[in-house]
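Colleague: Those sequence lines, one after another, are chains P and W.
When we follow the working numbering, the leftmost residue of the first sequence carries the number 1, and every step to the right adds one.
When we follow the working numbering, the leftmost residue of the second sequence carries the number 336, and every step to the right adds one.
It should be emphasised that the hints constitute simulated quantities derived from the structure, not laboratory data.
Glycine residues also receive a C-beta, built at the ideal position from the N, C-alpha and C atoms.
Hints should not be assumed to be uniformly reliable.
Listed below are the simulated DSS-like cross-link pairs for lysine-lysine, each with C-alpha atoms no more than 27 Å apart in a straight line [claimed, not checked]:
no., chain 1, residue 1, chain 2, residue 2
1, P, 248, W, 541
2, W, 515, P, 206
3, P, 248, P, 22
4, W, 583, P, 172
5, W, 507, P, 248
6, P, 296, P, 92
7, P, 248, P, 296
8, W, 541, P, 206
Rough simulated footprint, nothing fancy, chain P against chain W, three-plus residues with beta-carbon under 8 Å [unchecked claim]:
no., region
9, 348-358
10, 490-497
11, 526-533
12, 560-566
Calculated from the model, a selection of chain P residues having no Cβ within reach of chain W, i.e. all distances over 10 Å [stated by the list, open to error]:
no., residue
13, 64
14, 196
15, 202
2 protein chains.
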Amino acid sequence: MTHTLLSPLDMHLHLRDEAMLKCVAPLSAQSFSAALVMPNLVPPITTIEALLDYKKRITEAIGNETFEPLMTLFFRSDYTRDFLEKAALHVKALKLYPSGITTNSEGGVATMDIEILRPVLEAMSDLGLILCVHGETNGFVMDREKEFCTIYESLASAFPHLKIVMEHITTKESVALLDKYENLYATITLHHLLITLDDVAGGMLKPHLFCKPIAKGYEDREALLHVSLHAHPKVMFGSDSAPHPIDKKECCGCAAGVFTSPIALQALVELFHKHHALANFQAFVSNNAQVIYAYKPPLKEVVLVKIPYVVPHSYGNVVPMFANETLAWSIERVI
Amino acid sequence: MTHTLLSPLDMHLHLRDEAMLKCVAPLSAQSFSAALVMPNLVPPITTIEALLDYKKRITEAIGNETFEPLMTLFFRSDYTRDFLEKAALHVKALKLYPSGITTNSEGGVATMDIEILRPVLEAMSDLGLILCVHGETNGFVMDREKEFCTIYESLASAFPHLKIVMEHITTKESVALLDKYENLYATITLHHLLITLDDVAGGMLKPHLFCKPIAKGYEDREALLHVSLHAHPKVMFGSDSAPHPIDKKECCGCAAGVFTSPIALQALVELFHKHHALANFQAFVSNNAQVIYAYKPPLKEVVLVKIPYVVPHSYGNVVPMFANETLAWSIERVI
Numbered sequence: 001m002t003h004t005l006l007s008p009l010d011m012h013l014h015l016r017d018e019a020m021l022k023c024v025a026p027l028s029a030q031s032f033s034a035a036l037v038m039p040n041l042v043p044p045i046t047t048i049e050a051l052l053d054y055k056k057r058i059t060e061a062i063g064n065e066t067f068e069p070l071m072t073l074f075f076r077s078d079y080t081r082d083f084l085e086k087a088a089l090h091v092k093a094l095k096l097y098p099s100g101i102t103t104n105s106e107g108g109v110a111t112m113d114i115e116i117l118r119p120v121l122e123a124m125s126d127l128g129l130i131l132c133v134h135g136e137t138n139g140f141v142m143d144r145e146k147e148f149c150t151i152y153e154s155l156a157s158a159f160p161h162l163k164i165v166m167e168h169i170t171t172k173e174s175v176a177l178l179d180k181y182e183n184l185y186a187t188i189t190l191h192h193l194l195i196t197l198d199d200v201a202g203g204m205l206k207p208h209l210f211c212k213p214i215a216k217g218y219e220d221r222e223a224l225l226h227v228s229l230h231a232h233p234k235v236m237f238g239s240d241s242a243p244h245p246i247d248k249k250e251c252c253g254c255a256a257g258v259f260t261s262p263i264a265l266q267a268l269v270e271l272f273h274k275h276h277a278l279a280n281f282q283a284f285v286s287n288n289a290q291v292i293y294a295y296k297p298p299l300k301e302v303v304l305v306k307i308p309y310v311v312p313h314s315y316g317n318v319v320p321m322f323a324n325e326t327l328a329w330s331i332e333r334v335i
Numbered sequence: 336m337t338h339t340l341l342s343p344l345d346m347h348l349h350l351r352d353e354a355m356l357k358c359v360a361p362l363s364a365q366s367f368s369a370a371l372v373m374p375n376l377v378p379p380i381t382t383i384e385a386l387l388d389y390k391k392r393i394t395e396a397i398g399n400e401t402f403e404p405l406m407t408l409f410f411r412s413d414y415t416r417d418f419l420e421k422a423a424l425h426v427k428a429l430k431l432y433p434s435g436i437t438t439n440s441e442g443g444v445a446t447m448d449i450e451i452l453r454p455v456l457e458a459m460s461d462l463g464l465i466l467c468v469h470g471e472t473n474g475f476v477m478d479r480e481k482e483f484c485t486i487y488e489s490l491a492s493a494f495p496h497l498k499i500v501m502e503h504i505t506t507k508e509s510v511a512l513l514d515k516y517e518n519l520y521a522t523i524t525l526h527h528l529l530i531t532l533d534d535v536a537g538g539m540l541k542p543h544l545f546c547k548p549i550a551k552g553y554e555d556r557e558a559l560l561h562v563s564l565h566a567h568p569k570v571m572f573g574s575d576s577a578p579h580p581i582d583k584k585e586c587c588g589c590a591a592g593v594f595t596s597p598i599a600l601q602a603l604v605e606l607f608h609k610h611h612a613l614a615n616f617q618a619f620v621s622n623n624a625q626v627i628y629a630y631k632p633p634l635k636e637v638v639l640v641k642i643p644y645v646v647p648h649s650y651g652n653v654v655p656m657f658a659n660e661t662l663a664w665s666i667e668r669v670i
């Protein structure tokens with residue numbers, strides 16, 4: 001049994017830099033046609049020069065693969081309209097992080113006060129730039145995203161022509177916002193479709209499943225599954241694949257991030273097949289994003305086949321989700 | 336500034352066996368007068384012979400310190416009254432684990448059906464044996480203890496003369512049961528008085544703070560603090576100090592347990608001092624347990640002094656809570 005995907009897209013990807021970039025970029029490029037690349041390097045990508053330099057390093061790391069890195073800028077509330085006009089030639093989206101909320105987000109916004117953010121958000125709205133948001137407060141870890149929903153609502157109301165992507169949503173409350181505000185969209189990861197906090201901390205503690213936002217409960221996962229398997233038109237696949245070297249995961253203070261890019265399509269096709277939703281897989285993993293981002297990706301045909309695939313223990317020094325486990329589907333070929 | 340404790344008791348302690356026992360038993364014996372020793376070895380302590388052998392190994396590991404290991408039996412629903420009568424000569428309590436709920440609990444009870452447990456619980460009640468319970472269901476990790484509360488209520492109602500200790504409670508719901516049922520008591524750990532899930536998984540993931548039951552939210556911690564700092568007469572200190580070698584903590588599947596015994600009194604006195612509750616410290620850490628267990632411990636005087644104490648990175652191959660951090664209080668001398 002096979003299933004063919006056309007130009008799969010990963011609309012939320014961390015490629016890191018230097019040796020890690022060289023390790024992980026080819027893995028995404030092997031199976032995806034393009035990906036939205038997060039800008040949270042150290043220091044973050046806040047200038048066009050840094051953006052183009054980073055894009056060049058990504059392109060070099062990828063080699064001959066057909067793969068387009070869709071670049072993003074790290075949101076700053078002090079960008080000028082003039083700067084954003086120039087940036088709009090190179091990016092489709094800016095990524096907003098509340099300061100300190102996740103890996104390398106220290107330079108993010110200190111406040112979500114709409115009046116402080118207004119000049120930049122109005123300019124983005126006028127220029128058709130998309131706002132991607134890591135939506136968590138600094139509250140109790142299980143409540144952070146739920147608490148942020150009121151901020152999503154304020155942003156969506158205040159800037160009705162700004163497309164806002166709620167990144168890597170994990171709660172039923174975020175899912176509910178999709179049908180409440182025309183201009184709210186969402187990415188959903190593989191791991192949040194599969195795991196709950198029980199998988200992270202219910203048996204042994206699993207550092208390789210630890211991420212931000214942290215996996216939530218069963219009702220939340222059900223809500224995410226529902227809109228993904230139905231390919232709700234405002235929902236896109238974004239892996240949030242976030243590699244860390246093994247010594248930053250299996251240690252006394254484990255960094256947040258699940259590394260999924262090399263196994264994402266295999267695990268997703270298994271999930272969609274199991275739920276009799278293969279007819280919606282193409283929309284979830286490509287077509288919806290093409291519409292939302294008004295983007296035509298390079299053509300790539302990925303043929304998935306229902307033949308078991310043993311996931312390696314690691315890629316370089318990064319341990320993937322499902323390390324050493326067997327998935328039901330493999331990638332047969334990529335054309 | 337000093338504070339003197341008389342015969343501090345740790346009413347929930349894991350001493351393990353073999354090399355680990357030799358490493359950790361002296362650390363408890365240095366500062367505690369006695370401790371209730373958990374029976375979840377591999378295999379669990381289910382015979383009087385195994386119990387006496389284990390007690391002997393503990394005594395040898397302790398050497399010349401004044402320290403009484405209060406032994407417990409691993410609860411089995413098929414114990415006979417005759418066996419329990421003999422056991423009552425050697426133990427004050429049996430520890431009940433739902434099967435598979437935590438470290439080395441595989442031999443625990445498969446059901447909490449009261450009719451199945453009735454013969455043993457009635458015999459225990461008649462013999463004045465105390466029932467210590469790890470009270471978690473196999474539900475969602477954040478709800479397991481709350482869900483178990485209905486089982487505590489059923490047990491307390493069905494066996495009104497049986498003393499039941501809700502071990503290492505972590506929720507406001509368990510705290511509320513203390514005043515609802517005369518025969519329900521509780522132990523509270525150091526770490527559950529100090530941390531919430533935010534400390535375990537809100538920033539970096541911290542394997543050395545991962546335990547079962549997992550730390551909960553702020554309201555839960557407040558409820559635990561309230562009854563501890565007021566030395567509610569039905570509440571006792573039980574560290575649940577649960578050592579694992581570092582390679583079972585900093586790895587891809589971290590075992591549950593926080594190792595606190597060598598730093599517990601120093602951290603507790605700091606907490607009680609900070610909350611102006613030193614007057615209740617003696618009751619929380621010794622007197623309440625003496626009354627509940629009808630037990631007179633060996634006399635030991637522990638003088639704590641407000642001089643900083645740098646916690647070692649490890650004791651043998653076990654990393655303690657507060658490793659490499661500085662506590663405000665030290666143990667000055669033990670007489």
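Colleague: Which of the listed hints are not met by the structure?
Modeller: Hints 2, 4, 5, 7, 9, 10, 12, 14, 15 not satisfied by this model.
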